[in-house]
Amino acid sequence: MIKRCVIGASIAALLSILPAAAEPLRVKFGVLRQQHSSETLSILDLPAEDDTLAGALIGVADNNTTGRFTGQSYEAIDAKLASGEDAVAAAQKLVDEGAIAIIADLPADDLLHVADALKSRDALLFNVSATDDRLREDDCRANVVHVAPTRSMLTDGLAQYLVWKQWRRWLLVKGSHPRDELLAAAYRASAKKFGAKIVDERVYVDTEGGRRSDSGSVQTQRLIPPLTQGAPAYDVLIAADESEVFGNYLPYRTWDPRPVAGSAGLAPMSWDAAHEQWGAAQLQNRFRKEFRRGMNARDHQAWVAARMIGEAATRASSADPKELAAFLTGPDFSIAAFKGVRLSVRPWNRQLRQPILLSDGRMTVSVSPQEGFLHQTSELDTLGVDKPETKCRLK
Amino acid sequence: MNMTLTNNFRARLLLPFTGEGGPTKWGRMRALEKTVPNGPASVAHSRDTFSREREKGRAFRMFAAAAVFLSAPAHAFTAYVGNEKGNTITVIDTDKLEAVKTVKVGRRPRGIELSKDNSELYVCAGDDDTIQVLDTKTLKITGNLPSGPDPELMILSPDGRTVFVSNENDNLVTMIDAKTKRQIGDVPVGVEPEGMAVSPDGRILVNTSETTNMAHLIDTQTKQIIANVLVDARPRFAAFKPDASELWVSSEIGGTVAVIDPKSHAVTQKIRFEIPGLSKEAIQPIGISFTNDGKRAFVALGPANRVAVIDTATKKIEKYLLVGQRVWHLAFTPDEKYLLTANGVSNDVSVIDVASLKVVKSIPVGAFPWGIAVATK
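Listed in order, the protein sequences are those of chains A and B.
The letter at position 335 of the first sequence is residue 335 when you use our numbering, and the numbering goes up by one with no holes.
The letter at position 108 of the second sequence is residue 1108 when you use our numbering, and the numbering goes up by one with no holes.
What the hints contain is simulated information worked out from the structure, not anything from laboratory work.
One or more of the hints may lead you astray.
Derived coverage of chain A by chain B (criterion: at least 3 residues anywhere in the stretch with Cβ under 8 Å from a Cβ of chain B; other residues may be distant) [claimed, not checked]: (1) 62-75; (2) 224-237; (3) 378-386.
Everything numeric in this text was worked out from a predicted model, so none of it was measured.
Backbone N, C-alpha and C fix where the C-beta goes; we use that ideal spot for every residue, glycine too.
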């Protein structure tokens, strides 16, 4: 069963203090989201019930505040998928209900199925969670705008900082699942791109079983030192653990006293609840006041997507998905997202250019691109696959 | 020498300077700083060691600064600089071109204005949710203005009777009677209001909202919005040309300055900036100051570390002046001999000689200078 409710109309009503004279332009979009795993290593990372949706709703409220001056109103329709439920049918239903865009928090394969199913329909997809590079390369689609950064953007962001720190020798410890290997491959490519060296690779095999027990840290404390023992001299340990099996076990437990980065320790991300530079504190405050929790990367990406829909509809004075897409990928589009610089869309694969935050979960340690990594058009394009290397042919 | 300090030169630049009222957490680092033999002023001057162009600029500035002292002294005015992270106001003597006093104020001081008779200084202390009033003679805090939460920027009506404040957190512009220090009204505006301007006749108040990307034109009599003008992303500052014929709005993230006709409410022109060697993302216009005759405008370009000089008739950029890092707001001395710039990251104020369009000095101030105001006498 799809849990479905219409949200946003009430917020719109509250905010429409100054009714516009003309008939308002109504913009409706869907939020199609998966149930995220509660098998997280830290209890602090357990996904909230309104994960992703909450960010979209702040975006709806922001758009409606603007809308009361421009005569536009925005509304989000929530569609949270139950386990095993068909994403394509849910997406079709959202479009049937009048959604001109869908903010999609879906795994890569589901996202592709939805994109292909909606090809003949007027609706634009915003990918706010899948980091797979292939979605922007061999498997790119013209009706998908990627707000989430790619794995390669994230690993390049971290690599630039480590190289700037002169921590060039990396010990790579990866998980045993396919997506851990994809992440490890991204780190290998980043090391090559920016002149770091992976001195050794180790695999942490997932033996399955529960993430936590009452016996706690005793076993982990004895397990991690031998895993990292006897490594060639290295500066920093890189964890490639997208499956959340071991990453957070590494800090303070390695054989050699070395910092950990990647899936634990200093982590590259598009957003973090601790980020407050460039006015971000204001967005964090709005979010916390409304939802009584911190804003995570998916929430922020959904907020950016909702704001992109709002910006495009405002500037183009239209709710036609084709016009919105043309504006978003055009030279005039830029959006402020509390990350210090304007974000824009790479026209060749519809990926949002963006800085990558490096956070330890308590503080924003640094933000990439780092100074000195130059580019002929935008320094943001030093992160991830650039135009000359792209395999994307938009269809 | 200084074994206790990092050898990373850039990291050293980030240490707070001695004698400023930074957060108490920095206390220990400040104590260490005293062991640096070269002292804080030399650190502030030798920032940007990585830019050759910068080196030339510095050499020139030192030379030019010497020249300034040889020429006839300007009238001594007093400039007040709000240090966002230092929680202080630095007082600058514009004759000596140096900081003469540091005053502790509330948390996160940003917007800063003087009453028309120069007797009072108003400081937006954003994290204390208030505007503090300082007596400019004693530099003591004498009271508060009842702003809403998180005041950021404000402007006085031309008659000096009303203070208009943007409150970032609750999407309001608040109006305060400067004499009675009471709120006399508020106007709901877009998301995250910031920039404030008032027309020379006092009739139109302008507020910019950063996330809504609009300039809201408000009738000060009826307290109603009369127009909403869409501009580029994250508008942060607004200023009327002295003859009221144009309203300029800077968009930090959009990277443009919109020129608006205050009568038709249309954007008539957009000024764009291009600096060789800098990506367009680095060019982030913020503060705008017009000369009294309205012929020239100076626009602070944030992390581009430059101030653009614009011919207001042609809207052409005459020159880019290299100043300190992340330049926020600008203020002229009343004789328009100097334009002072608050440079957020390099912790200093650059002094621009307006006649020669040269940067002649940088004055070390507190941590993260943001707002700036100069007394007219």
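Hints versus structure:
Residues of the segment 62-75 of chain A with a Cβ under 8 Å from some Cβ of chain B number 5, which satisfies the need for three, so the listed coverage holds. Counting residues of the segment 224-237 of chain A whose beta carbon lies closer than 8 Å to any beta carbon of chain B gives 0, which falls short of the minimum of three for the stated coverage. Counting residues of the segment 378-386 of chain A whose CB lies closer than 8 Å to any CB of chain B gives 3, so the stated coverage by that chain holds, three being the minimum.
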